[in-house]
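Novice: Chains as they are written, first to last, in the numbering used here: chain A, 1 to 384; chain B, 385 to 510.
Careful: at least some of the hints might be erroneous.
[Said to hold, decoys possible] Coverage of chain B stretches by chain A, computed from C-beta distances (three or more under 8 Å per stretch; other residues unrestricted):
#	region
1	441-451
2	496-503
[To be verified] Far from chain A, some chain B residues (derived; all Cβ distances over 12 Å):
#	residue
3	Val389
4	Glu401
5	Ala416
6	Gln428
7	Glu458
8	Gln467
Calculated directly from the structure, the hints in this document are not laboratory data.
We put the beta carbon where it would ideally sit given N, CA and C, even for glycine.
This is what each chain is made of:
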Amino acid sequence: MRRVAVIGVGVTKFGKHDRTSAELFAEAAADALADAELPASAVQALYYGNVVGGETEKQLHTSPQAASVLGIPTVPTTRFETACASSHAAFRHAVMDVASGTSEVVLVGGAERVLNVTTEESTEYFAYASDARWEQTLGLTFPGVFALVARAHMTRHGTTEAQMAAVAVKNHKHGVLNPKAQFQKEITLEQVLKSAMVADPLKLYDCCPFTDGGAAVVVVSEEVARKARRPIWVLASAAASDWMLIGDKRDLSRVPATERAAATAYRQAGLGPGDVDVVELHDCFTIAEIVATEGLGLFELGTGGVAAEKGWTSLGGKVPVNPSGGLKAKGHPIGATGAAQIAEIVTQLRGAADRRQVDGAKVGLTHTLGGNTATVLVSLFGRD
Amino acid sequence: MTEPVITLRHFFEKAREGQLTAVRCGHCGELAVPPKEFCASCSQRRWEPVGLSGEGTIASYTVIRVAPRGHAAEVPYAIAAVQLREGVSMLGRVVDLPIERLAVGLPVRFRPLTSGGQTAIGFGPA
Chain A
1 MRRVAVIGVG VTKFGKHDRT SAELFAEAAA DALADAELPA SAVQALYYGN VVGGETEKQL
61 HTSPQAASVL GIPTVPTTRF ETACASSHAA FRHAVMDVAS GTSEVVLVGG AERVLNVTTE
121 ESTEYFAYAS DARWEQTLGL TFPGVFALVA RAHMTRHGTT EAQMAAVAVK NHKHGVLNPK
181 AQFQKEITLE QVLKSAMVAD PLKLYDCCPF TDGGAAVVVV SEEVARKARR PIWVLASAAA
241 SDWMLIGDKR DLSRVPATER AAATAYRQAG LGPGDVDVVE LHDCFTIAEI VATEGLGLFE
301 LGTGGVAAEK GWTSLGGKVP VNPSGGLKAK GHPIGATGAA QIAEIVTQLR GAADRRQVDG
361 AKVGLTHTLG GNTATVLVSL FGRD
Chain B
385 MTEPVITLRH FFEKAREGQL TAVRCGHCGE LAVPPKEFCA SCSQRRWEPV GLSGEGTIAS
445 YTVIRVAPRG HAAEVPYAIA AVQLREGVSM LGRVVDLPIE RLAVGLPVRF RPLTSGGQTA
505 IGFGPA
């Protein structure tokens with residue numbers, strides 16, 4: 001298999017937009033191609049993430065639409081849908097495409113538009129990623145899924161609501177340093193703890209927002225990368241799954257798919273958790289960040305809450321997690337999130353992250369979780 | 385073509401009558417909630433249907449305050465992951481139990497509910 005690199009990244013401002021998801025993707029893709037110093041005509045395939053376009057935009061067939069709006073109507077395209085992990089799944093397949101020698105230059109990304117519908121509607125559409133017959137009939141929501149995880153983690157490990165709130169406070173603090181973030185405003189522990197209950201024990205500020213936005217990255221072969229200014233190498237890209245039904249999961253305080261994907265990624269790269277300098281992980285809810293830091297092996301099982309509370313995951317801490325502000329503050333346009341996380345890690349490893357730079361970062365990790373914890377992608381990146 | 389042991393439709397028809405059904409692997413003894421084609425433990429396909437008691441304890445729970453469109457009129461409502469006595473778990477809507485009494489470990493018992501014209505899993509006092 002050939003070595004693979006990322007040589008260009010682009011992300012739109014996250015927040016509310018009045019453009020279609022295809023337009024948002026095209027903006028991010030144009031920035032990514034400019035960053036890669038490649039013309040649009042160099043792109044040989046598009047792997048694309050979009051999740052609820054069928055509902056919020058009445059739009060299917062979104063990958064050729066995105067290619068057409070970008071101006072590369074003839075390249076082969078594929079849409080990936082693994083809920084919130086969609087564009088990270090797209091990335092893994094792009095890496096395999098280039099590594100196999102099939103393509104030299106693949107464009108990967110995604111976009112989502114949800115702020116054009118009401119919260120009740122978007123809550124319903126996101127819930128489509130849980131089982132229709134078993135779970136949607138109960139009125140299960142995504143905050144509900146992670147509330148079940150939170151309660152299990154609190155019961156097993158003594159994790160507190162204040163420890164979860166510390167994750168939100170930290171990610172908002174980081175978000176202030178990211179001009180693309182949806183929220184660039186610090187919040188206090190008290191504000192989080194006093195915010196309205198969404199799904200006990202998760203409160204409004206434990207939850208990431210609904211977000212419109214797009215992200216893109218340019219994935220290339222070593223031969224193409226050697227001519228680029230700042231290639232960042234893909235050291236691993238791994239996926240794992242778990243039971244779809246919440247009822248089938250044996251221990252709700254853990255996300256086994258994270259543990260499996262991480263083990264595969266570390267093995268591919270010949271690295272361990274101790275080698276990772278900077279992490280962008282899937283903090284759709286504060287408890288999700290705590291459980292992910294444990295599942296990725298950054299902290300012992302049951303100690304993710306303590307790590308957040310003690311500042312070990314803050315910029316300047318032992319392992320900075322979500323310097324971009326994470327899904328919590330940067331925002332979570334679900335089809336774009338995986339690509340946006342990769343864009344942040346590439347920026348960090350280039351030493352180009354300005355005020356949110358993790359000093360001397362050499363190895364970065366991205367972790368994206370799909371829906372009810374049934375899909376997880378983990379990738380590792382390194383610089384020359 | 386092999387006939388499925390328990391289809392989703394069979395399961396919920398039985399559930400509507402008050403009976404939860406699982407399938408047990410005739411090869412390794414694994415108990416699973418249907419429908420499942422192969423046993424995830426041994427990859428065999430020798431399921432036999434078994435009735436469940438419907439008795440269990442709450443493993444985790446939440447109270448939904450912000451609901452999807454179709455359930456907005458029902459808030460607040462509780463959903464619990466319940467570990468059944470036989471070992472398998474199911475998610476269900478909690479009914480006839482005050483929210484403040486909910487706790488991990490609380491014994492509950494299955495009861496069929498109707499949601500949007502479909503049978504759904506519910507749990508009430510043991």
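Novice: If a hint holds in the structure, say so; if it doesn't, say that too.
Specialist: Verification of the supplied hints:
no.: 1; hint: 441-451; result: holds (count 9)
no.: 2; hint: 496-503; result: holds (count 3)
no.: 3; hint: Val389; result: holds (17 Å)
no.: 4; hint: Glu401; result: holds (17 Å)
no.: 5; hint: Ala416; result: violated (8 Å)
no.: 6; hint: Gln428; result: holds (18 Å)
no.: 7; hint: Glu458; result: violated (6 Å)
no.: 8; hint: Gln467; result: violated (9 Å)
Of the numbered hints stated above, those contradicted by the structure are hints 5, 7 and 8, listed in ascending order.
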